[in-house]
Amino acid sequence: MPGPAVVIIGAGVTGCAMADELTARGWTDVTVLEQGPLFETGGSSSHTPGLVSQIAPSRTMTRLARYTAEKYARLGCYSPVGGLELATTPERLADLHRRHGFGEAWGVHSTVVDPAGCLALFPLLEKSLVLGGLHVPSDGLVAAVRAAETQAANATARGARFIGNRRVTDLQTDKGRITGVHTAEDEVFPADLVVSCTGFWGATARPIVPMVQQYVRTTAAGAGDSLPIVRHPDRGLYLRAHGDRLGIGSVRPDPRPVRLGDLPGDAHPALLPFTPDTFRQSWTAATDLIPALRGTALDEAYNGVLGVTADGFPLLGEAREPRGLWVAEAVPVAHSAGVAKALTEWIIDGRPVIDLHECDLNRFDPGRLAPEYVRRRAVRRLADEQRPAHPADPPGVRDLRIGPFHSRQAELGAVFGEDGGWEIPLWYASNPAPDPPVTRDEWSGRHWSPIAETEARLTRRRVGLFDLTPLTRIEVTGPFAAGADIPVGTIRPRGGVTVTRLAGSRFLIGANGPLDLDRLLRAVPPGVTVRDVSAGTCALAVWGPAARELLAPLTTVDLASFGHLQAREGHLGMAPVTLLRVSAAGELGWEIWAEAGYGPRLWDTLWETGRELGLVAAGRLARDCLRMEKGHRLRWTDTTDEDEADPERSSACLVLAETGDVPVGGEPVYAGGFVVGHVTSAAYGCSVGAPIAYAWLPSVLAVPGTQVEIGYFDRRLLATVTAEPLFDPKRERLLR
14 MPGPAVVIIG
24 AGVTGCAMAD
34 ELTARGWTDV
44 TVLEQGPLFE
54 TGGSSSHTPG
64 LVSQIAPSRT
74 MTRLARYTAE
84 KYARLGCYSP
94 VGGLELATTP
104 ERLADLHRRH
114 GFGEAWGVHS
124 TVVDPAGCLA
134 LFPLLEKSLV
144 LGGLHVPSDG
154 LVAAVRAAET
164 QAANATARGA
174 RFIGNRRVTD
184 LQTDKGRITG
194 VHTAEDEVFP
204 ADLVVSCTGF
214 WGATARPIVP
224 MVQQYVRTTA
234 AGAGDSLPIV
244 RHPDRGLYLR
254 AHGDRLGIGS
264 VRPDPRPVRL
274 GDLPGDAHPA
284 LLPFTPDTFR
294 QSWTAATDLI
304 PALRGTALDE
314 AYNGVLGVTA
324 DGFPLLGEAR
334 EPRGLWVAEA
344 VPVAHSAGVA
354 KALTEWIIDG
364 RPVIDLHECD
374 LNRFDPGRLA
384 PEYVRRRAVR
394 RLADEQRPAH
404 PADPPGVRDL
414 RIGPFHSRQA
424 ELGAVFGEDG
434 GWEIPLWYAS
444 NPAPDPPVTR
454 DEWSGRHWSP
464 IAETEARLTR
474 RRVGLFDLTP
484 LTRIEVTGPF
494 AAGADIPVGT
504 IRPRGGVTVT
514 RLAGSRFLIG
524 ANGPLDLDRL
534 LRAVPPGVTV
544 RDVSAGTCAL
554 AVWGPAAREL
564 LAPLTTVDLA
574 SFGHLQAREG
584 HLGMAPVTLL
594 RVSAAGELGW
604 EIWAEAGYGP
614 RLWDTLWETG
624 RELGLVAAGR
634 LARDCLRMEK
644 GHRLRWTDTT
654 DEDEADPERS
664 SACLVLAETG
674 DVPVGGEPVY
684 AGGFVVGHVT
694 SAAYGCSVGA
704 PIAYAWLPSV
714 LAVPGTQVEI
724 GYFDRRLLAT
734 VTAEPLFDPK
744 RERLLR
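The sequence shown begins at 14 in the numbering used here and counts up by one.
Don't take every hint at face value.
[Stated by the list, open to error] Simulated DEER-style distance windows between Cβ atoms:
hint: 1; residue 1: Val-716; residue 2: Pro-17; range: 33 to 41 angstroms
hint: 2; residue 1: Pro-538; residue 2: Glu-53; range: 45 to 53 angstroms
hint: 3; residue 1: Pro-450; residue 2: Gly-237; range: 35 to 43 angstroms
hint: 4; residue 1: Gly-120; residue 2: Thr-652; range: 17 to 25 angstroms
hint: 5; residue 1: Gly-702; residue 2: Pro-538; range: 44 to 52 angstroms
hint: 6; residue 1: Thr-452; residue 2: Pro-379; range: 36 to 44 angstroms
hint: 7; residue 1: Gly-278; residue 2: Val-201; range: 18 to 26 angstroms
hint: 8; residue 1: Pro-384; residue 2: Arg-336; range: 19 to 27 angstroms
hint: 9; residue 1: Gly-686; residue 2: Pro-538; range: 47 to 55 angstroms
hint: 10; residue 1: Asp-448; residue 2: Ala-658; range: 42 to 50 angstroms
hint: 11; residue 1: Gly-308; residue 2: Pro-103; range: 18 to 26 angstroms
hint: 12; residue 1: Asp-257; residue 2: Pro-150; range: 47 to 55 angstroms
hint: 13; residue 1: Arg-336; residue 2: Pro-103; range: 48 to 56 angstroms
hint: 14; residue 1: Glu-608; residue 2: Val-713; range: 48 to 56 angstroms
The set of hints was computed from the structure by calculation and includes no laboratory data.
In this text, a Cβ means the ideal position worked out from N, Cα and C, and glycines have one as well.
Please build the complete structure, drawing on both the sequences and the hints.
See the structure below:
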């Protein structure tokens, strides 16, 4: 059987890879439509320099790039010349050691080499500028057009057809499902599903920004095709050889977005005229790095356009409306084959082998789909790549979503970060630092304060007030099958979310973001209403031994008989609220949900009453410390569908020897000198007096008492697998 009828829009390297992967699985009724000629389409695939740099902080992106390199090597479209990322500052050199650790964790071999090693690999470098480099032997160059042609030939031999000069203008649907596509040539191509591989042309309907990257080829510079690709992130440059010439690409310090309407309507719509003035700074940096360039001229030069997203990940998955529309957009050539394989698995098998939540088309809430937000965030992200990145670095756009407590928090000296587009306190400057303070190394302490320890300790001793507004809150009404066995007034975990039944057919769901909402909307039957009420509501947590003492005089709800994982509706002061007896801190406590309009009154009521009880306003860093001591893992960070489906691996809690070094996530874990897993998240455990990390390990090693090492920059940290929870193992504090 040829499988369902599939139309792929776009015959660039990603569209051709999709056709190859689908037909290899037996789905041979595949039609690929391209608005330009085949296969020099004029899109990004036609002008890409073809660099494949595999190692990234993201396990998913690294594995997508690794498969791409391996497949194109098999097809004869890949030159594994190696990659060399350079450091010209001590901070960048430290970052290269961190990236080496990512490679170890994700299965890509690399070596940090000294300046002499860099010169041996790329003799044209100015040695006095280079402090070291990260060498990845399996990185290399893809001949993108040849890769597209080769994969198209494979797919055609299995029954697929490729048609050029056909511009899709509309999607045909019936009852919310795809039935075909309509072209500008007034043709209709029936389809059971459509895969859009349109690159930055998808920006008309999705959060993609067409962005300019400049690229030049010099006259003869003494290069050779065996030279590795070079990245110079401190100056936003990348280089590759074209015979004896050099190609130089530049992101520039001020990345420039363009509008689709400004692109030329000729045979090269992804190319804009070269702007030499904006390249001058990049050329100076390139000639400083490679003095031989000073005797060369620019032989070819253009401004290429490619599509990027706000967070740098591609857009993959099925649209919720219409069903049957799949997307593979904002995909660099370095990830094209890996994306096609994973999306094919998702389409045919119902789920990909590797976790794709970072790339999911539906990962953004409505606020982060605004074109201006996407543009500003994408520009800032590309500019930030020219300095060593940190997972907790402030985002490019702040103050997008502000909760009702924001002014009160600012008065208390809140130092704000971002959580899902919301402004959220990390810690409060008005709280004192401990004496003596906990010390952290420069890297892990970049966006941290010892005040977080004070907030965590005071929560354990008395009571803490936490802002949970960024959490996703969903209201479900009707015959909700997932809550049918839950008694009224009871909370139950369900597939990574919490479901609270407030009445016979009314439920509240505490979710982990837009992906959980998307899954729920896809699953509910007719007659069930699902509403994301996050924007119109707010949430606070009151956790600690004095939590009942704080809330009891403010509410008519009987807290004495209020059991763990139960919920009640009532009033807190003058504010109507829903009280949920749950705690991520391993302490007695409640989450308090209310309409956003009551937020300021709710905060003031709790703050005024709590002062005599030692109430402390606490930020996200203290919450991370408390929840890890309790053993509370975060969905999508510490647990994914992929990891949980592997019976031979388990999530383990590690306690590190106290050195002041705290991992931040992604670091490799070693046992017996071999990489056996990776860290998912970490924090300083204020109650246990040591750093804590979660890591996925082979189940035989995830046993209390097992000693392992965590790769941290250029050294290893000793850690021990420890039974959980680390704090209050009998749950006496939580249940009393």
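Outcome of the hint check:
1. Val-716 <-> Pro-17: 33 to 41 angstroms: With a Cβ separation near 47 angstroms, Val-716 and Pro-17 fall outside 33 to 41 angstroms, so the hint is violated.
2. Pro-538 <-> Glu-53: 45 to 53 angstroms: 48 angstroms, holds
3. Pro-450 <-> Gly-237: 35 to 43 angstroms: 54 angstroms, violated
4. Gly-120 <-> Thr-652: 17 to 25 angstroms: 21 angstroms Cβ-Cβ, so the 17 to 25 angstroms window holds.
5. Gly-702 <-> Pro-538: 44 to 52 angstroms: The hinted range 44 to 52 angstroms holds for Gly-702 and Pro-538, with Cβ atoms some 51 angstroms apart.
6. Thr-452 <-> Pro-379: 36 to 44 angstroms: With a Cβ separation near 42 angstroms, Thr-452 and Pro-379 satisfy 36 to 44 angstroms, so the hint holds.
7. Gly-278 <-> Val-201: 18 to 26 angstroms: Since the Cβ atoms of Gly-278 and Val-201 sit about 25 angstroms apart, the hinted range of 18 to 26 angstroms holds.
8. Pro-384 <-> Arg-336: 19 to 27 angstroms: Since the Cβ atoms of Pro-384 and Arg-336 sit about 25 angstroms apart, the hinted range of 19 to 27 angstroms holds.
9. Gly-686 <-> Pro-538: 47 to 55 angstroms: Taking Cβ atoms as reference, Gly-686 and Pro-538 lie about 53 angstroms apart, which means the hint holds.
10. Asp-448 <-> Ala-658: 42 to 50 angstroms: 47 angstroms, holds
11. Gly-308 <-> Pro-103: 18 to 26 angstroms: 31 angstroms, violated
12. Asp-257 <-> Pro-150: 47 to 55 angstroms: 23 angstroms, violated
13. Arg-336 <-> Pro-103: 48 to 56 angstroms: 52 angstroms, holds
14. Glu-608 <-> Val-713: 48 to 56 angstroms: 50 angstroms, holds
Of the hints listed earlier, those the structure fails to meet are numbers 1, 3, 11 and 12, in rising order.
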